[in-house]
Amino acid sequence: MHWKHALIEGRQSPSSSLDLRHFEAFQQVYRARDLTAAGHELGTTRKTIRRMVDNLETTFQCRLFSDSTRGQLTPTPFADRLFNDLRFLNSAKQLLEEHIRSIQDAGRVLKVGTSPAVFRTSVFRQVFRTLQTIQGIRPSYVPVKADESSKSISSGNCDIHISTKTCDERRFICEQITYLELIPIARANNGVFRSSTSGRNITAHVVSLDHKTPSFKFPSHLDLQPLPEANWLRWIDHPEECPTGTIIFAPDIPSDRTQWSRADFNNLTPLRKPLYLTCLRQHPYEFLPSLGGVIQSRLSRQ
Amino acid sequence: MIFPEIRELQVFIALERTGSFSAAAKKLGITQPAVSAHIAKLEQLIGYPLFHRGPDGTTPTEQGSSLIPLIKAVESEYGDLLRRADYWKRSQSNEVKIWTDGSIASRELQRARFNKPEPHANEWWQDLKTGVDWTAALKKFEVDIVITGTFLKAGDVPGVKTTVISHEAGITLCWNPDYYPFHSTGFSFPDALSSSLILPVDSLALGFRDFLTNWCASSYDFSLMEFIECNSEQEGVDACKLGLGVMILPGNADKRINLSNIGLTTATAFEFLLPKAFTFGIRSRTHEQNPQILATIDLLRKSLGDLG
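Note that the protein sequences, when read in sequence, are chains L and E. With the numbering used here applied, the first sequence covers 1 to 302. With the numbering used here applied, the second sequence covers 1 to 308.
Simulated from the structure, these hints should not be mistaken for laboratory data. Where a beta carbon is used, it is the ideal one built from N, C-alpha and C, also for glycine. There's no promise every hint is true.
Here's a subset of chain E near chain L, in silico, CB distances under 10 Å, partners left out [stated by the list, open to error]:
| # | residue |
| --- | --- |
| 1 | Glu5 |
| 2 | Ile6 |
| 3 | Tyr48 |
| 4 | Leu50 |
| 5 | Arg53 |
| 6 | Gly54 |
| 7 | Pro55 |
| 8 | Glu62 |
| 9 | Ser66 |
| 10 | Leu67 |
| 11 | Leu70 |
| 12 | Tyr78 |
| 13 | Leu82 |
| 14 | Gln92 |
Under the rule of at most 27 Å between Cα atoms (straight-line distance), these lysine-lysine pairs were calculated in the DSS-like manner [said to hold, decoys possible]:
| # | chain 1 | residue 1 | chain 2 | residue 2 |
| --- | --- | --- | --- | --- |
| 15 | L | Lys145 | L | Lys273 |
| 16 | E | Lys41 | L | Lys151 |
| 17 | E | Lys302 | E | Lys161 |
| 18 | E | Lys41 | L | Lys111 |
| 19 | E | Lys26 | E | Lys129 |
| 20 | E | Lys139 | E | Lys129 |
Generate the whole structure from the sequences, applying the supplied hints.
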């Protein structure tokens, strides 16, 4: 007396794992009644088709085609049934394929992340406009705090990140696309700025973008102090909190000319900082690695 | 356009369900880098990120969410196709797949069948797995015959036919008198409910657990939370004998399993309220025309009748 243990599941061994293309091949052979013709249709060789049909036959433990007439394959009743039953799978596949195509045609959303201070610069506006002109991309802005940039990129919160910070990690691609100018501006009183005494060292602030105090070769008569981004943004929106006469190397001149004015004098020249584009190396968008170069060339043309 | 492979679609569905790469890997039985590779290939094919990877889990993106129902449809059609093909293959070679629950009657039947093998059918017997919906499995051709009990209207779904072996009324409570002081007559439910309980799993009697839970909540404001689950009637009887708790079974369990002979005291309830509460029978597909399966059902019915 012995027990019969059922093990119909697990009939598929790892070597003969079925896939949708096996059924695709089967359908082609059924229609064409010939292995080579089916191979032509699907862009593969006769041997591949033969192997796929063999795979199906092994899994179902049943012959699919018998070559009774010379050169012509005849389907078995099992093959007839299988071909008929494939209608439902085919329609589901078709719906999925159409939907994927519609997603691809809709134009891909590109989320551009940057810190609010960089966002308000004219350089960034130029970069964004360039992105808008590229075919097939719909750029959108995502505010990203400077210390959260790599987290943002890897989590997918933004697809690319524009900042003055470089990134050395292997998983990111970091390219310079243009440069950002820190222009010396001064807090003016009714549009008038009186320079403080000359001959002494001038104290000025430098907006430290992306939490990094810029290291430039400063002229010796300048005494520079870092100004955090948040403070700079506060001062733009509330100029009354900034004492008149303060000189700031800022990423952009605020539009309110009664409160701020340029301070190009006493050999105060704008400081240049490179602006980088960072993205994930393994991002699904295949155009991202070359995007930096495209932006660079378009900006230089303007 | 090259179409994604079925494996990638399965990985996509697992990831969407579990919300983490490692949990999906565990669910599918592959390594976590393999899951990442499949998803990356799928994203590259479609050209869009399908999941946001975050510290608190992986969530689908806008494109990913829109694809979920379509991918699920393809995957379920594929599964249905394989099951239908398998069923057709079974019928060609005179095979019949049978699932049985953990009832003592089913075990006896299985033993009886193996004692006298019939020449015209190969029967593949398997235990009904807990948590598996046997009505769906029956309709999708994963199994041909299911021998199990149901409580009230539980197994009554379109597409499933029941060949009734027995109807039983009410429910039975059972305990070891050495450990519990209850009496068969003048029985008090709240007393029994406050002691430790032994209940059968859903696969033993579909719908029984739900009924008990609802009734305890509505009649006694008692929520049935902690209890011992028995996978088979024999397990429950053994636990009951050890004094682990009061067992509640559907139908007239005393008559069915002969509990008094083992030294357990029983009490019945709801016999008049629920005259046909428990149905033990052979379940099959409603429009089954396969002569093999129909013959097997007949054979099983007769054998179960012989067993009494």
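Results for each hint:
1. For E/Glu5, the shortest C-beta to C-beta distance to chain L is roughly 5 Å, which falls under 10 Å, so the interface hint holds.
2. Annotation: interface hint on E/Ile6 holds; nearest CB of chain L at approximately 5 Å, less than 10 Å.
3. A cut of 10 Å between beta carbons decides the hint on E/Tyr48: the least distance to chain L is about 6 Å, and the hint holds.
4. For E/Leu50, the shortest C-beta to C-beta distance to chain L is roughly 8 Å, which falls under 10 Å, so the interface hint holds.
5. Given the 10 Å rule on beta carbons, the hint for E/Arg53 holds: about 6 Å separates it from the nearest Cβ of chain L.
6. At a threshold of 10 Å, the smallest CB-CB gap from E/Gly54 to chain L is about 5 Å, leaving the interface hint in force.
7. The restraint placing E/Pro55 at the interface with chain L holds, with a minimum CB-CB distance near 8 Å, inside the 10 Å limit.
8. With a cut of 10 Å, the hint placing E/Glu62 at the interface with chain L holds, because the nearest CB-to-CB distance is about 8 Å.
9. Hint status for E/Ser66 relative to chain L: holds, with the closest Cβ pair at about 7 Å, below 10 Å.
10. Given the 10 Å rule on beta carbons, the hint for E/Leu67 holds: about 7 Å separates it from the nearest Cβ of chain L.
11. The restraint placing E/Leu70 at the interface with chain L holds, with a minimum CB-CB distance near 4 Å, inside the 10 Å limit.
12. Checking E/Tyr78 against chain L: minimum C-beta separation of about 6 Å stays under 10 Å; hint holds.
13. Annotation: interface hint on E/Leu82 holds; nearest CB of chain L at approximately 8 Å, less than 10 Å.
14. About 7 Å separates the beta-carbon of E/Gln92 from the nearest beta-carbon of chain L, less than 10 Å, and the hint is met.
15. Distance hint between L/Lys145 and L/Lys273 is fulfilled; the C-alpha atoms sit about 19 Å from each other, no more than 27 Å.
16. Our distance criterion of 27 Å between C-alpha atoms is met by E/Lys41 and L/Lys151, whose separation comes to about 23 Å.
17. Restraint check for E/Lys302 and E/Lys161: the C-alpha separation of about 17 Å stays at or below 27 Å, so the hint holds.
18. Distance check on the hinted pair: E/Lys41 and L/Lys111 sit about 21 Å apart at the alpha-carbon level, within 27 Å; holds.
19. With a C-alpha separation of about 20 Å, the suggested pair E/Lys26 and E/Lys129 falls inside the 27 Å cut-off, and the hint holds.
20. For the given pair, E/Lys139 sits about 16 Å from E/Lys129 by alpha-carbon distance, which is consistent with the 27 Å threshold.
Checked against the numbered hints given earlier, the structure satisfies every one of them.
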